[in-house]
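**Student:** Join the two chains into one complex using the hints; note that each chain is given alone, in its own frame.
These are the residues of each chain, in order.
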Amino acid sequence: MSFNQTLGTTSHDFIHELSHEDRSRIRWLMEAAPSDASAEFFVKKSETGFKAILKIQSRELRIVAGGTAPTLEQVIDQIDHDTTQQLSQWRKSRFS
Amino acid sequence: MLQDKRVSTFRHEEFDPVLFATEVDESEWIFPHAPEISLSNTETLTSTRGAPRLSGADIQGADLSDSQLVLGDFAEAHARGARFTGSDLTFADFHQADLREADLSHACLCLADLRDCDLRGADLTGADLMRAELLGSDLRGARLAGACLHNAELVGAKFDEKTELPIPYEQALAEGMVFETSLEVHQ
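Quick note, the sequences are listed as chains A and B, same order.
The opening position of the first sequence corresponds to residue 69 in the working numbering, with each subsequent residue numbered one higher.
The opening position of the second sequence corresponds to residue 87 in the working numbering, with each subsequent residue numbered one higher.
Pulled out of the complex, with its shape left as it was, chain B reads as follows (with noise of 0.2 angstroms):
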């Protein structure tokens, strides 16, 4: 069923952030809930309304750069590699996602969960991580230059050489902050 569905790009497309799980035509959602739909590469998905609801979902290379994402729910999900440049990911939830080497540059991520992601390579230049939740994230040879991390939650968030880091060594390390040797990114 889900096969059929027409498909076409997330970007520049504006969510309707008010949504009901169980209220709506779930026919207007192209992937709801459904892990085993890829999206890697040549497929891209929009959607019309609500915000999008791609738990453990494969999006992995998917463009879903300048949309609105507010309160979107991609935990579990696997995003390597995929765009989210420029998107509004207030409040989004990403724990445990997949997000090796994903551009999330400019990105705002306020109030984001990202407990214990995987950003190994991931691009998080310019990004606004506010209050976001980043506990146990992987963030080694992440780029977060010129990011805001102001009030973010980094107890146990991995970094190392290779991690551009906003803020200096030794204030990561006092905000709990844990310095690894790196490993490769593609392992």
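Chain A extracted, bound-state conformation (with noise of 0.2 angstroms):
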């Protein structure tokens, strides 16, 4: 799933800020799609925090998730819990 190539490559400095368990947990988050789709991981830093997104896509399923905060795990928590939210409401439908 493209995982190193959406954290990119020309920031050294990022890649030593992520920690084992935020890598972890996003490639928690992308793998936490359906088999047949593709997901894709943003991230950005600015003065004010992080902001991301995971994109989740599919045939059947459609997923966009994101997150703004002080610091990269507060913005994973939010990704889980909007990804996890949205993947829930998909089952539902899914199956109803």
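Since the hints were made in silico from the structure, they are not lab data.
Some clues are possibly wrong.
If the Cβ cut is set under 7 angstroms, some of the chain B residues that face chain A in the computed set are [said to hold, decoys possible]:
#, residue
1, L157
2, F177
3, H181
4, C196
5, L251
6, I253
These numbers were taken from a predicted model, which means no experiment stands behind them.
Positions of the beta carbon are idealized from the N, C-alpha and C atoms, including for glycine.
**Tutor:** Below is the structure:
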């Protein structure tokens, strides 16, 4: 799933700033997608904090989850929550 | 200093989505936070890395079509007539931007912040506005045929008889949109 590509290779410091747990959580979020889905994670850091989105798309599903927070951990929490909700709604509509 | 920068078209440029504001060498940015820099009509711009930060910039008439502009910062930008057709503007910030007559057709604007934007006469045909924030935006005379407004926030967004909406009039009102008598777009 283009995990490394999405994180980019231009900023050495950003890679170091991601904790092992952050990277594991991002990977977990992306791997929550259905097997035939593609997933992209984009993150930006500014003076006020982090802003990130997770896009998951397949033939049957489209999820766009975003978050803005002072820390990357909080942003991932927001996206995790948002993604979980959207996946839950998708599964309900799929089987209803 | 900035006037010495070479510029080339944004079209088809891929932006590295990871950006550190405090660490990026600003000489790699053509127009970083420089509202006085004009891109109107004769100039185009490029960037080699990072999400574009054009907050407050004058990009009237600029061509940013078919570009990867995820997480881009265009808050309060002067983007009248700018072209974003086909671009990925997911989670981009256009808060209070002037987007009159801009071409955003077939652009992806999922989660984009379009609050209080002036979108009069803008072309949003086929745009993906899923979960976009359009609160208080001015959509009078805008074209949204075929646009996706799934879970978009529309409270206070203005429209008129010339607006081409992808949803029925009654649904627009039910979602909090406001019908207003049209004014001249060129006003």
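**Student:** Taking the hints in turn, state whether each one holds.
**Tutor:** To see whether the hints hold, each was checked on the structure:
1. Evaluation of the B/L157 hint against chain A yields a held restraint, the C-beta minimum of about 4 angstroms falling below 7 angstroms.
2. Using the Cβ-Cβ criterion of 7 angstroms, the hint placing B/F177 at the interface with chain A is satisfied: the shortest such distance is roughly 5 angstroms.
3. Residue-level restraint check for B/H181 is violated (minimum Cβ-Cβ distance to chain A is 12 angstroms; threshold 7 angstroms).
4. For B/C196, the interface hint holds, the least distance from its beta-carbon to any beta-carbon of chain A being 4 angstroms, beneath 7 angstroms.
5. Annotation: interface hint on B/L251 violated; nearest CB of chain A at approximately 22 angstroms, more than 7 angstroms.
6. Nearest Cβ of chain A to the Cβ of B/I253: about 19 angstroms, over the 7 angstroms cut. The hint is violated.
Going down the numbered hints, you'll see the structure goes against 3, 5, 6, while the others check out.
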